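Peer 1: The primary structure of each chain is shown beneath.
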Amino acid sequence: MDTKEFLKKLCTGYSVSGHEYSIEETIKLGFKKYADNINVDKLGNIIIIKKGQNNISKLKIMIAAHMDEIGLIVKSIEKNGFIKFTNVGGIDPKTIIGQEVIVHGEKPLFGVVVSKPPHLQEASESEKVPKLEDLYIDLGYDSEKLKEYISVGDVITINREFKELKNDKVTGKSLDNKAGIAVMYESLKILNKTKHKADLYFVCTVQEEVGLRGACTSTYSINPDIGIAIDVGFGSTPELPKYETIDLGKGPGITIGGTIHPKLREKMVEVAKEYNIPFQYEVSPSSTGTDADVIQLTREGIPTLCLSIPLRYMHTSVEVVNIKDIENTAKLLAFFIASISENLEGLLCY
Amino acid sequence: MLLKKLTEASGVSGHEREVRNIIIDEIKDYVDDLKVDKLGNLIVFKKGKENPKKLMITAHMDEVGLMVIDIDDKGYIKFTTVGGIDKRILISKPVLIGDKKVPGVIGSKPMHLQKKEERDRAIEIDSLYIDIGVDSKEEALKFVNIGDYISFDSKYTEFGDNLIKAKALDNRVGCSLLIELIKEIEDVSFYGVFTVMEEIGLKGAGPAAYNVDPDICIVLEGTLCYDVPQIDTHLIPTRLNNGPAISLIDRTTIFNKTLREKIAEIARSNGIPYQYRKSSMGGNDSGKIHVTKEGSITATISVPCRNIHSPTSVMSKKDYENTLRLLKAILNEYKKGEFISGIQ
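In order, the protein sequences belong to chains A and B. Heads up, the first sequence is in the working numbering, so the first residue is 27 and it goes up one at a time. Heads up, the second sequence is in the working numbering, so the first residue is 17 and it goes up one at a time.
Simulated from the structure, these hints should not be mistaken for lab results. None of the values given here were measured: they were computed from a predicted structure. Among the clues, some could well be false.
[Claimed, not checked] Computed list of lysine-lysine pairs in DSS-like fashion (alpha-carbon distance at most 30 angstroms, straight line): (1) B:334 x A:171; (2) B:171 x A:101; (3) B:273 x A:133; (4) B:273 x B:63.
[As the list claims (entries may be wrong)] Computed spacing ranges between beta-carbons, pair by pair: (5) B:133 x A:84: 52 to 60 angstroms; (6) A:312 x B:174: 48 to 56 angstroms; (7) B:96 x A:301: 40 to 48 angstroms; (8) A:295 x B:246: 51 to 59 angstroms; (9) B:131 x A:236: 18 to 26 angstroms.
For glycine and all other residues, C-beta sits at the position ideal for the given N, C-alpha and C.
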């Protein structure tokens with residue numbers, strides 16, 4: 027499968043935080059061919075293992091990309107096929123108005139978020155952002171029927187087609203962070219043809235969007251020598267200041283900041299230059315807001331890196347990424363991993 | 017499927033060609049006269065039993081949408097609205113631009129980077145833009161031009177118990193009803209008019225009515241429906257699944273009482289559920305039609321649509337069927353001639 031095809035599969039599936047099992051099979055099927063072993067831990071993290079060659083010192087590198095996505099959840103079933111809902115993860119109510127959705131119950135049910143027609147609004151009303159708790163989803167069944175199909179606690183995703191735009195860009199929901207999973211997939215493909223010393227643990231983590239939870243337990247159990255988080259970064263758009271963003275099409279963002287091991291980061295930059303892979307810097311002095319934050323602080327501390335795929339309109343259902351950025355991030359990750367020799371001492375000392 | 021074909025076509029006000037061509041294709045073998053007037057209105061005549069009072073049935077072909085007004089140096093597309101659109105429904109939606117239907121998206125600032133006051137305030141249209149993936153203005157101009165019409169990208173979807181989600185149900189539902197009437201009704205003389213530019217100020221209807229000069233006109237519409245739980249009954253304009261909505265009054269017309277009562281009576285005597293449209297807001301082609309030339313008496317019969325003027329409008333197939341039944345019953349009465357006797 028090529029990157030785009032795999033990414034499309036991931037994005038059209040659903041994996042709202044805590045309910046990632048729905049795309050477990052898709053991920054396993056995709057990675058199977060390139061992995062030595064695939065495990066799923068107690069929280070649902072998928073751990074894809076690829077052994078290194080002559081790895082006498084049992085060097086371990088963990089690569090983490092979260093597979094969960096933000097979504098909604100059913101709070102109550104009301105009269106006439108309407109339901110009330112709330113958010114799972116960071117949802118901007120502005121992005122929910124007038125959306126079509128799928129409620130993942132006994133059977134997936136299509137519905138729409140109902141809004142007041144403009145004709146009936148008071149002048150000031152259209153200036154306000156409604157609260158999620160004031161909105162309804164219309165599922166079009168009477169309540170009795172509805173209760174056969176769905177229950178309180180079922181998760182809901184926006185019904186959004188994955189589509190190609192111009193210039194290698196694609197759009198869809200949950201590219202944050204299915205794009206990261208695609209990076210691991212492409213990277214593993216390259217590493218199947220490239221020598222590497224370290225044993226590799228590619229982890230599709232759960233519950234990142236609700237508090238970096240999957241990375242917490244998986245890092246503890248793997249206890250890697252190096253941890254690398256792959257996530258998305260704010261892509262530049264007209265309304266955002268340049269210093270807050272990275273550009274689409276200019277390669278991965280290499281994160282700089284307290285979370286990131288400075289020597290390892292320098293090594294990452296060296297590799298990018300050596301192989302002519304475009305890259306940018308992403309500055310996060312305190313926390314990165316990614317799995318890297320918890321990987322770093324696991325056990326007695328783990329030297330950690332973070333690569334960001336530039337992504338526009340984060341946490342909307344029309345996120346945009348450039349496929350070339352995914353490919354370049356995968357290349358950089360693979361070549362960095364291949365460049366790590368057994369002796370880490372020089373690389374890790376301050 | 018007719019309604020799928022009609023709703024997935026683009027026909028933003030002033031650019032109804034795609035919709036008009038679909039309609040012409042559908043009805044051309046069923047009419048005795050067909051013409052497209054100078055504004056783009058499609059006017060057809062079905063010849064049958066004569067009635068001294070001339071009947072016209074109309075449905076507007078256009079839909080609300082957007083239009084390209086500028087392209088910036090990076091290739092982002094600025095737009096304005098065409099017709100009444102709540103700016104808040106635009107965010108996080110896909111759109112199609114121009115006749116080539118170039119896909120694009122309307123994104124928004126990530127919530128992580130919004131200031132407190134930005135989180136609570138709706139985003140102004142002039143802060144929004146469409147992203148088609150290009151990296152420069154030159155590149156954008158290969159696919160998009162200033163003045164191109166933009167429509168929502170929304171597929172016709174059936175869901176729930178006999179419901180339909182689509183864009184432009186206002187007023188492809190009216191077009192679909194009128195097409196079916198034209199195809200199915202035999203032996204009644206009437207004019208069918210598919211108008212242009214209703215959503216930007218009822219522009220097509222006046223000249224069309226001038227041309228036809230009807231005595232009676234029935235306007236077919238998709239209308240406001242907002243019937244979520246926990247709102248006062250008197251604030252509910254129409255309810256889904258309660259049958260066709262007969263208009264009482266809106267911002268453009270006080271509907272003729274004799275005619276609307278006659279229609280309600282026909283519904284009752286045929287066992288067809290109906291409701292009154294209880295909002296005085298909004299307006300439709302009747303506003304122009306009933307004051308054209310010496311005037312005419314008009315009625316509006318609508319299929320209720322939740323989320324009207326949005327990419328995710330919702331209607332009920334039952335309401336559609338009942339509206340069609342009512343229209344056929346009306347034409348049946350009209351054919352008898354005495355339909356008109358009670359009207360001054």
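Peer 1: Each hint needs a verdict: does it hold in this structure or not?
Peer 2: Quick rundown of the hints versus the structure:
no., hint, in the structure
1, B:334 x A:171, "holds, 18 angstroms"
2, B:171 x A:101, "holds, 28 angstroms"
3, B:273 x A:133, "violated, 48 angstroms"
4, B:273 x B:63, "holds, 28 angstroms"
5, B:133 x A:84: 52 to 60 angstroms, "holds, 53 angstroms"
6, A:312 x B:174: 48 to 56 angstroms, "holds, 50 angstroms"
7, B:96 x A:301: 40 to 48 angstroms, "holds, 46 angstroms"
8, A:295 x B:246: 51 to 59 angstroms, "holds, 57 angstroms"
9, B:131 x A:236: 18 to 26 angstroms, "holds, 23 angstroms"
The structure is inconsistent with hint 3 alone, although it conforms to all the rest.
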